[in-house]
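Asks: So the sequence lines, in the order shown, correspond to chains R and U. Per my numbering, the first sequence starts with residue 1, numbered consecutively. Per my numbering, the second sequence starts with residue 422, numbered consecutively.
By construction, these hints were calculated from the structure, which means they are not laboratory data. Keep in mind that the hints are not guaranteed to be accurate.
Straight line, CA to CA, 27 Å or less: simulated DSS-like cross-link-like pairs of lysine-lysine [stated by the list, open to error]:
1. R:Lys-110 to U:Lys-585
2. R:Lys-133 to U:Lys-735
3. U:Lys-499 to R:Lys-133
4. R:Lys-416 to U:Lys-499
5. R:Lys-347 to R:Lys-110
One side only, chain R facing chain U, incomplete, derived with CB under 7 Å [to be verified]:
6. Gly-96
7. Glu-107
8. Gly-408
9. Glu-412
Glycine included, C-beta positions come from ideal geometry on N, C-alpha and C.
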Amino acid sequence: MSDKNPLETKVSRRSVIKAAAAAGALQMGAPFIGNARAAEPVKIGLDNPLTGTYAAVGKNEMIGCQLAIEQINAKGGILGRPAKLLVEDSTSGDAGTAVQKARKLIERDKVSFLLGNVNSALAMAMAQVAYEKGVIHVVPGGHTDSITGTDCHWNVFRICNTTQMEAYAVGPELLKKGGKKWYFITPDYAFGHTLQAGLERAAAKIGAVKVGGDLTPLGTTDFSSYLIKAQAAKPDVIIFLTQGNDMINALKQAVQFGLEKRFHLAGAQQELEALEGLPPEARIGTWVFEWYWKQPGVPHVAEFVAAIKKKTGRVPTARTWFGFASTWTCALAANKAKSLDARKMAKALQGMKLPPEVGLMPEQPFFRAGQNQLIPTLYVGNAQAKGPGGPDDLFNVTEVVKGTDVAGTLEESGCKMVWPT
Amino acid sequence: MSALTRQRLSLALIWLALLTMPYWMNAVGGYTELGTRVLVLGLAAMALNFLLGFTGVLSFGHAAYFGLGAYGAGMAIKYLAPSTPLAIVIGVVLGTLAGAIIGALIVKLRGVYFAMVTIAFAQVFFFIAIRWNAVTGGDDGLTGWHRHALDLGFGKIDILNNDKAFYYLVLVLFAIAVGLMALLLRSPFGRTLLAIRENERRARFLGLPIEQHIWLSFVISCLFASLAGTLFALLSNFIDPHALHWSQSGNFVIMAVLGGMRSFWGPLVGAAIFVVLQDYVSSHTANWMSIIGLFFVLVVMFFPRGVLGMLRRKAKS
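With the hints as extra help, turn the sequences into a complete structure.
Replies: Written as structure tokens, this is what we have:
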């Protein structure tokens with residue numbers, strides 16, 4: 001700059017901006033230097049949605065993970081070393097980002113365990129990375145069958161149910177409460193496809209029929225055209241398989257249309273997060289929950305609920321439990337195998353039962369050997385506008401279904417596990 | 422120091438940095454795959470800049486050719502044969518072919534109309550990828566395949582498990598692509614493109630076939646964008662429709678503008694800033710996009726010639 005004003009002060013606006021930018025950049029840099037120094041703890045990497053349609057459920061899983069980390073460290077850590085949780089936002093539907101973050105956690109941060117993802121498609125994509133790198137991967141809440149079915153891997157474990165298990169659990173109740181003509185509103189990705197296929201199989205078993213259905217893109221906000229089509233098909237039950245914000249939008253609009261007066265509005269998987277997001281008049285229908293905070297007589301559940309309430313002020317949801325159980329699974333595997341070797345830990349997990357203070361269910365859930373799928377309890381019931389247990393009691397459990405009754409056989413899962421030599 | 426020696430020096434510095442990247446990446450908190458990503462997205466942004474910065478035509482749909490390259494590569498390995506070179510060739514041919522056909526349809530359009538139509542065509546491919554579940558895997562992405570070791574006849578290079586080997590494969594292809602682009606820009610053809618960029622009407626009065634030149638420039642740009650796409654798919658061993666989405670096209674434009682679209686290396690610098698910023702900031706906050714947006718606004722407001730343009734001006738003054 002040749003045309004300098006002699007009266008100009010020494011500190012120009014530009015250098016202030018530069019200094020501010022440099023200070024900002026320093027903030028970014030510092031934590032990484034910190035990471036490099038503290039190589040001591042055992043790292044668990046959570047690659048889960050924090051933004052988008054699954055942000056609410058993703059955050060609840062993270063809270064569960066955090067509580068588990070606190071408990072693990074209070075009880076002596078993993079192999080005597082402290083456990084540390086690293087969190088990355090995978091977004092709700094961008095598998096490319098989830099894969100990138102999984103590689104980052106494994107490559108740079110050298111995590112011993114990878115956790116995630118809420119979105120089944122992202123979970124499958126991450127499982128492929130984890131398999132390639134030979135890292136233990138626990139899927140807290142991605143339900144599509146193939147993760148522990150046809151695409152199963154020796155190192156990939158899953159806490160939540162398969163979509164088929166949910167379908168078999170809720171099918172009879174849908175028939176009883178609604179009727180035999182079913183119409184599907186299904187999200188157009190892995191989870192929706194397999195959940196609908198599962199319900200169709202369940203329907204064939206009990207004598208219900210599919211009269212139509214629509215695939216809706218993930219993140220749909222306007223369901224009116226689908227709902228108009230659904231009415232025209234004259235079903236007994238309109239089955240909503242959407243999740244997250246999509247579930248909230250779909251049910252809200254169905255109730256605005258007054259469909260609940262003419263059809264039974266129901267579905268399979270339902271979550272407390274979605275019911276909380278709904279207006280009271282839309283909290284209706286038959287559903288299956290995968291975990292519920294009100295389980296009288298089941299040991300340790302009350303303590304867990306109290307601990308989460310202390311952390312967040314809200315009751316835990318199934319998602320909180322998924323995160324909690326999957327983080328504990330890592331610690332239990334390492335401590336049982338007495339090693340952080342992925343193969344040894346995977347072997348230790350075969351058939352392992354979750355202890356009561358982690359399982360938090362009437363029947364102790366266990367990882368089925370040869371499939372790596374947790375076989376838990378399922379809770380079938382109906383949504384309610386207001387329950388006797390306070391503002392968080394939005395689900396009324398009418399039937400507790402044993403996982404072993406709906407899980408099918410190992411052969412039916414389609415999993416043929418190959419172990420590395 | 423004369424301008425020429427300074428230019429040579431900075432060129433040598435760029436290549437030295439790229440050649441040694443895998444060895445200092447970990448020390449500064451990165452990892453090899455991050456470096457590979459920078460190269461791949463840098464190549465895509467440079468390919469876009471061939472059109473944007475040197476021909477003066479804004480394409481907002483380059484993700485289409487990037488994604489077609491990626492899907493071409495992935496599907497070649499999944500359905501045809503387990504060969505990495507074949508995958509790259511098929512991906513590039515697919516992307517370039519699409520570019521040639523679509524380019525011929527739209528070369529007569531200018532300015533915002535050109536940009537709009539490129540977006541529209543890109544979205545066509547996006548919806549094909551997201552809807553055709555049986556072949557593309559739909560929204561779940563294309564899984565169940567991975568890159569294969571390079572068979573050179575006398576030995577194999579394990580690019581699957583060795584990140585550094587794959588990085589150098591990408592670097593070699595990047596160098597060839599960048600070298601070709603530089604040669605083209607120095608040729609009479611490249612000079613003509615600059616003339617079109619500066620004043621299209623005057624170039625037309627000189628008797629230059631404008632449409633053919635823009636078409637060829639578009640096809641060349643698509644060729645290198647699809648090459649970047651194939652490498653992107655091979656890097657993650659995965660591809661999903663988001664690589665075809667218009668927001669991905671927007672990211673390429675951001676990279677080019679961020680780094681400086683009038684300079685040859687600008688888009689690579691822009692890609693490096695974009696990728697590294699995204700990688701670091703997104704570990705700390707879910708709102709990482711707003712940080713990148715803020716940075717972009719600052720650059721456009723204060724350094725309209727991009728980061729590299731700003732450094733250049735500094736060096737001159």
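Asks: A separate judgement is required for each hint: does it hold in the structure or not?
Replies: Here is what the structure says about each hint:
Among the hinted pairs, R:Lys-110 with U:Lys-585 is consistent with the structure: their alpha-carbon atoms are about 17 Å apart, no more than 27 Å. Restraint check for R:Lys-133 and U:Lys-735: the C-alpha separation of about 45 Å exceeds 27 Å, so the hint is violated. Straight-line distance between C-alpha atoms of U:Lys-499 and R:Lys-133 comes to about 20 Å, which keeps the hinted pair within the 27 Å bound. Pair hint R:Lys-416 plus U:Lys-499 holds up; C-alpha atoms about 20 Å apart against a cutoff of 27 Å.
With a C-alpha separation of about 21 Å, the suggested pairing of R:Lys-347 with R:Lys-110 holds against the 27 Å cut-off. Because the closest C-beta pair between R:Gly-96 and chain U is about 5 Å apart, less than 7 Å, the hint holds. Among the interface hints, the one on R:Glu-107 holds; its C-beta lies about 4 Å from the nearest C-beta in chain U, closer than the 7 Å criterion. Annotation: R:Gly-408 was flagged as interfacial toward chain U, and the flag is violated, the nearest CB pair being 23 Å apart, outside 7 Å.
At about 21 Å, the closest approach between the beta carbon of R:Glu-412 and any beta carbon in chain U exceeds 7 Å, and the interface hint on this residue is violated.
Comparing the model with each earlier hint shows violations of hints 2, 8 and 9; every other hint is respected.
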